[in-house]
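Given next are the chains, with one letter for each unit.
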Amino acid sequence: MSDPEIPRDAELTALIDGALPEAERAALERRLAADPELAGRLSVLRQGGRDFAPAFDLLLAAAPGDRLETILAGAIERVSRMAPVTGTPPRDRQRLAFRIAAGFILFLAGTSLGVLLPRVLGTAPSEQAERGPSNWRSAVADYLTLYTRDTLAGIPDDAATRTAELAQAGTRLALDLTPEKVALPDLQLKRAQLFEFNGKPLAQLAYLGPGDGPVAFCIIVNGAADAPAKFEEREGQNIVFWSKGGRGYLIIGRTGRQNLEALAAQLQEKIS
Amino acid sequence: MTTNGHDAVMAGLAAELKRLWRYGLVLSGKRDVAEDLVQATCLRALERPHQFTPGTRLDRWLFSILHSIWLNEIRAVRYRTGQGLVDAETELTFDGAYEVETNILAGQVLREVNSLPEVQREAVFLVYGEGLTYREAAEILAVPIGTIMSRLAGARAKLAGLGQDEPAATRSKDENERS
Numbered sequence: 023m024s025d026p027e028i029p030r031d032a033e034l035t036a037l038i039d040g041a042l043p044e045a046e047r048a049a050l051e052r053r054l055a056a057d058p059e060l061a062g063r064l065s066v067l068r069q070g071g072r073d074f075a076p077a078f079d080l081l082l083a084a085a086p087g088d089r090l091e092t093i094l095a096g097a098i099e100r101v102s103r104m105a106p107v108t109g110t111p112p113r114d115r116q117r118l119a120f121r122i123a124a125g126f127i128l129f130l131a132g133t134s135l136g137v138l139l140p141r142v143l144g145t146a147p148s149e150q151a152e153r154g155p156s157n158w159r160s161a162v163a164d165y166l167t168l169y170t171r172d173t174l175a176g177i178p179d180d181a182a183t184r185t186a187e188l189a190q191a192g193t194r195l196a197l198d199l200t201p202e203k204v205a206l207p208d209l210q211l212k213r214a215q216l217f218e219f220n221g222k223p224l225a226q227l228a229y230l231g232p233g234d235g236p237v238a239f240c241i242i243v244n245g246a247a248d249a250p251a252k253f254e255e256r257e258g259q260n261i262v263f264w265s266k267g268g269r270g271y272l273i274i275g276r277t278g279r280q281n282l283e284a285l286a287a288q289l290q291e292k293i294s
Numbered sequence: 063m064t065t066n067g068h069d070a071v072m073a074g075l076a077a078e079l080k081r082l083w084r085y086g087l088v089l090s091g092k093r094d095v096a097e098d099l100v101q102a103t104c105l106r107a108l109e110r111p112h113q114f115t116p117g118t119r120l121d122r123w124l125f126s127i128l129h130s131i132w133l134n135e136i137r138a139v140r141y142r143t144g145q146g147l148v149d150a151e152t153e154l155t156f157d158g159a160y161e162v163e164t165n166i167l168a169g170q171v172l173r174e175v176n177s178l179p180e181v182q183r184e185a186v187f188l189v190y191g192e193g194l195t196y197r198e199a200a201e202i203l204a205v206p207i208g209t210i211m212s213r214l215a216g217a218r219a220k221l222a223g224l225g226q227d228e229p230a231a232t233r234s235k236d237e238n239e240r241s
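Order-wise, the sequence lines are chains A and B.
Count along the first sequence from 1, then add 22; that gives the number in my numbering.
Count along the second sequence from 1, then add 62; that gives the number in my numbering.
Hints are computed from structural coordinates only; laboratory data are not their basis.
Don't take every hint at face value.
[Unchecked claim] Over the 12 Å line for every Cβ pair with chain B, so calculated as not near, a few chain A residues:
#: 1; residue: E51
#: 2; residue: S65
#: 3; residue: A186
#: 4; residue: Q190
#: 5; residue: P223
[To be verified] Using C-beta positions, here's what the derived DEER-type ranges look like:
#: 6; chain 1: A; residue 1: G62; chain 2: B; residue 2: P116; range: 41 to 51 Å
#: 7; chain 1: B; residue 1: P179; chain 2: A; residue 2: A84; range: 21 to 31 Å
#: 8; chain 1: B; residue 1: K220; chain 2: A; residue 2: T193; range: 50 to 60 Å
#: 9; chain 1: A; residue 1: R89; chain 2: B; residue 2: T115; range: 23 to 33 Å
#: 10; chain 1: A; residue 1: A287; chain 2: B; residue 2: P206; range: 48 to 58 Å
#: 11; chain 1: A; residue 1: A56; chain 2: B; residue 2: P116; range: 42 to 52 Å
#: 12; chain 1: A; residue 1: G233; chain 2: B; residue 2: P116; range: 42 to 52 Å
Glycine included, each C-beta is placed from N, C-alpha and C at the ideal position.
For reference, chain A alone in the conformation it holds in the complex (with noise of 0.2 Å):
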């Protein structure tokens, strides 16, 4: 709908608002004043004011304190695990998940220590047990939890993008990363993203297909023996995971493990 009124109602709101230059303000007034019309919009869009702050403080009354400090203490978990690399500087990387704990648990201190706090700290013995160098792929699996299709769908493609990112990656990696070489039938490369894990390089390529979500391809240096590929289900998810010239790999996604298989048939061929 184009209406002329719209440029003089701006004006007008924001002489309402108190939100116009006093020149500008004066200029106005002097024109409100010869011209009732003016005047008597001037009067409507004051009659759409409300008193909006306590309105909206009623939400902020609602809001789930207790479940968002849950999805905070989450989000601080995982990024405290896979620190992205990029654009970091070394040093502040290796303080950065302690930072982000020391903080939070400042923050609780003042509000529900107990709660959350072995959230952020402990973990349960089990899952502790198992988080040594060769279980990146438990901390992978747990990161791409969070993944849905909506996390890659609104990723421009960009193939200089990708080959920049690719390229990043593989100079960490030591290997030669290239679209051509990662690339997967029916699924689109939407992102390539270093981490670390346990001080190792880390890189995560994600893709995106027409069908069962998110997949995703990760390398990390952990001087690992070579070792055949292998089936295993973590988190809700398939993995095949195998090592060689001391990297570790691994494919993960919920597609079908017939189609994770053959998807890391191909990897395997062409990158080694």
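Using the hints, position chain B against chain A.
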């Protein structure tokens, strides 16, 4: 002691959760989508604290992240997948559960805000609800200041029409006088 982006984000994020959720609720009209928006905003902020400039307002930075996620990832996908926008009329007023007697007027205001188009609702929330200046709201939404003014004017015009059948006593006059 020096302060960098990491320290500032870590120290301040927890205190902004409820306001982020409220922004998400105003945009989506859905409590669960609001929670998803808070989660995605937290993750992005924690992953990119170096992009925050110390000395500037953390809440504004978080708001622009949330807005961007809503616009580019959640709402955009809903459109593409043919789901359409969520029905904003469903939950913003919480089925009257919070409308205890003293809040009847506030509940009425929320229903009216809820009837506004999304862009007007968002501008009203940021400027009249959060108390941002036109310029601050424009920066968060990445639009010209004139667009903020037009959206607020459009909201006022519509609300004035809604208010015509009501007794004048239920409305308040110019609630925001800001510099």
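- Message: For a quick check of understanding: which of the numbered hints are violated here, in increasing order?
- Response: Going through the list in order, the structure violates hint 2 alone and respects the others.
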